[in-house]
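Following the hints, put chain B in place on chain A, whose structure we already have.
Protein sequence lines, in the order shown, are assigned to chains A and B.
Read in order, the letters of the first sequence are residues 17 to 438 in our numbering.
Read in order, the letters of the second sequence are residues 17 to 438 in our numbering.
No lab work stands behind these hints, which were simulated from the structure alone.
The structure presented is a predicted model; accordingly, all values stated were derived computationally and were not measured.
One or more of the hints may lead you astray.
Which copy is meant is left open, so a pair is good if it fits within one copy or across any two.
DSBU-like cross-link-like pairs, simulated, lysine-lysine; straight-line CA separation at most 30 Å [said to hold, decoys possible]:
1) LYS299 x LYS145
2) LYS412 x LYS324
3) LYS377 x LYS223
4) LYS195 x LYS20
5) LYS299 x LYS437
6) LYS246 x LYS20
7) LYS429 x LYS252
8) LYS106 x LYS242
9) LYS246 x LYS422
10) LYS363 x LYS324
11) LYS437 x LYS100
12) LYS117 x LYS429
13) LYS305 x LYS100
14) LYS429 x LYS246
15) LYS377 x LYS412
Okay, here's what each chain looks like letter by letter:
There are 2 protein chains.
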Amino acid sequence: MSPKNAFYAQSGGVTAVINASACGVIETARKHTDKIANVYAGRNGIIGALTEDLIDTSQESDADIAALRHTPSGAFGSCRHKLKGLDESKAEYERLIEVFKAHNIGYFFYNGGGDSQDTSHKVSQIGEKLGYPITCVGIPKTVDNDLPITDNCPGFGSVAKYVAVSIREASFDVASMAKTSTKIFVMEVMGRHAGWIAAAGGLACEKEGDAPHIILFPEVTFNQEKFLAKVDHAVKTYGYCSIVVSEGVRNTEGQFLAEAGGKDAFGHAQLGGVAPVVAQLVKDNLGYKYHWAVADYLQRSARHIASKTDVDQAYELGKAAVELAIAGNNAVMPTVDRVSDEPYEWKIGHANLADVANVEKMMPAEYISEDGFGITDACRRYLQPLIQGEDYPPYKNGLPQYVTLKNAGVPKKLDTTFEIKK
Amino acid sequence: MSPKNAFYAQSGGVTAVINASACGVIETARKHTDKIANVYAGRNGIIGALTEDLIDTSQESDADIAALRHTPSGAFGSCRHKLKGLDESKAEYERLIEVFKAHNIGYFFYNGGGDSQDTSHKVSQIGEKLGYPITCVGIPKTVDNDLPITDNCPGFGSVAKYVAVSIREASFDVASMAKTSTKIFVMEVMGRHAGWIAAAGGLACEKEGDAPHIILFPEVTFNQEKFLAKVDHAVKTYGYCSIVVSEGVRNTEGQFLAEAGGKDAFGHAQLGGVAPVVAQLVKDNLGYKYHWAVADYLQRSARHIASKTDVDQAYELGKAAVELAIAGNNAVMPTVDRVSDEPYEWKIGHANLADVANVEKMMPAEYISEDGFGITDACRRYLQPLIQGEDYPPYKNGLPQYVTLKNAGVPKKLDTTFEIKK
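Chain A extracted, bound-state conformation:
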């Protein structure tokens, strides 16, 4: 059988290590040219497939592909376009087949989170249901760490490390100043539905009194009275109070705390900004001077402080995806399987996309401490290995050297266009 081309796309919010998965896919494919002729990447994710806007990765040098391993963001562009069911979005699936057929694409690699694995699952069915045989393998990626079956999700470990390192550093700063100045520090992190990222801040606390003293999880309804009492206790006991707050924290009415405080100066209520609300609450009730930070994209793009474990896993999952595909596996996703906590050992396994699609892994209740403001030992055992190791990018002129690919287009073969529905 003559080799087919592969389609690879990045989907959803990008991370510090999604390009490491891309690197694993392309480097592995280049070793198997008897099976995979070329890897075409979707420009801006699946939109690139639908609009026949494909990137010819064979025009990138081996060195540039290798540099993807240490480059954050999505090198080919990503998007948040979600394909619905085969019946509902039949035109989109038929268009995919039209483009795949025109470019002799026999493999589909989709690198993303929950929605993307659902899409992968649907694409894996087009062989049987729409008569276009294709080998479809999902590659996990999400800072939200909410995919099932896999022990963890690439991208999460590096955000976790960034958050733990950052809250430790800023807390050292506050501790120095607390006697006569700032006593409260609030750092806002991502996580609208699950507190995985906020929980990672807890790793910085290794012994009694260490920061952070309080973590506010989306899983725990905000209790102002208990919170203020805990803040006051920390200030009186340790001299200061360091707080990690998840953007998704809600009040007893179920509103995001970030919005419940009221509208901003322009009358808008956009999520992102719970840190100032929490800080002001402390000031108003306890009178302590505060500082706050919102890490936003800095946390998920911080390749300079990426977890080596995370980078290694991201690469290996990309590599495994190609190996699974050329071995004839359809509708699967490679996974990280934990062998042991300490010493930490892991291996690559795989799951059926049917079991992954539409299942969201929440943080177990037993990972949150009884008072709702910290993490348990079980949580620490789970999280600790994921931030292990440093994997520094190369520097020039004091700055990390991240690659920007040529991203040359594959000449179009179709004379049709396709309009993306929003």
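Chain B in isolation, oriented as in the chain A frame:
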């Protein structure tokens, strides 16, 4: 002459490298026990001297003192207490003499910014004016980079590196998502009066189209129309727009932009939060989806991504302070003297505190590009060497290992107390 003790204190906002200067002071003093018997650190800065709350650094191991070199924050605590003139604050200077006399202190090392060098200068005069001879040496430190004579100030280079690295990483992220999602990213950085830190973001832009596309300086009055036109141009040309904004940006009425937007939900106007104001302005006028980050303390405590140049200079300035003192120099401050830009060479010099006190070094007008939104080649030549080199701290369990000293108190010798006036 039998050796005297030295007093060392950290002052003002702490940095990623002020402890490297402390390390230089203490390690060097330990090599000159014929001149300096012991180094007593002020607990929480000068307040420790006034309240006779001294820390006995001889109780710290050589290994822990060495670890100060890679530990951010102020290991002995800092404060923002400013001593006024010798006449106005005579009681405070007399109290200092009382404490110094009781503890046989003959050297005074004060590690801080402009106000602290002014204090150092005043303390240097107590020999002549109040009859207590003391050798007084200031050690420069400030992320604001606004001390005169010295080429740059320890602490600044590491913030500069953090800001340049962070805006590069976050901008890679935004570039990936811009086609269908976030098009605007705004990162707020420190700098109420001078744009040095914001300017450092410009180092990430190495060629046409690179982020950041816009820098908003406190030195340049905010022009909404020109700003929005530039944002729109960037989005239309590069697909996205990445913005670094200094917390000190002001509008045509001279108000901080962060405050001019209105009060927050609680009716307060606390500085810190210009990023959301700028982002919302873009959304309201151009409709682009945005994200924003406020780095706050993360930027000045980010020892994990410190500039090696900065760490080296901080250490050498601490060392030089001791060497200047034991050579009999009073009322001086060691400086970084630039020998050449490229290859970057520097040496340690020194200035008279009389020439340092009350002089603020502003950013030269020729460092800001003609349109007011970027940096010039001259600025780049100045800034580039300051972020050179990485100096990673040691890690354990995936986290940087920062030292917390024992900070044992020196037994009090006085039966008097002193009340600090606020």
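Against the structure, the hints come out as follows:
1. LYS299 x LYS145: This pair counts as neither: shortest intra-copy Cα distance 60 Å, inter-copy 43 Å.
2. LYS412 x LYS324: Both: 21 Å inside a chain and 13 Å across chains, each within 30 Å.
3. LYS377 x LYS223: within (29 Å within a copy, 43 Å between copies)
4. LYS195 x LYS20: between (67 Å within a copy, 29 Å between copies)
5. LYS299 x LYS437: between (47 Å within a copy, 23 Å between copies)
6. LYS246 x LYS20: Classified as neither; 61 Å inside a copy, 45 Å across copies.
7. LYS429 x LYS252: Intra 70 Å, inter 28 Å, cutoff 30 Å: inter-copy only.
8. LYS106 x LYS242: neither (52 Å within a copy, 46 Å between copies)
9. LYS246 x LYS422: Close across copies (26 Å), not inside one copy (53 Å); limit 30 Å.
10. LYS363 x LYS324: Classified as within; 15 Å inside a copy, 37 Å across copies.
11. LYS437 x LYS100: within (11 Å within a copy, 67 Å between copies)
12. LYS117 x LYS429: This pair counts as within: shortest intra-copy Cα distance 10 Å, inter-copy 89 Å.
13. LYS305 x LYS100: For LYS305 and LYS100, only the inter-copy Cα distance (24 Å) is at most 30 Å; the intra-copy one is 49 Å.
14. LYS429 x LYS246: neither (64 Å within a copy, 38 Å between copies)
15. LYS377 x LYS412: between (40 Å within a copy, 29 Å between copies)
When the structure is compared with the earlier hints, violations turn up for hints 1, 6, 8 and 14 and for no others.
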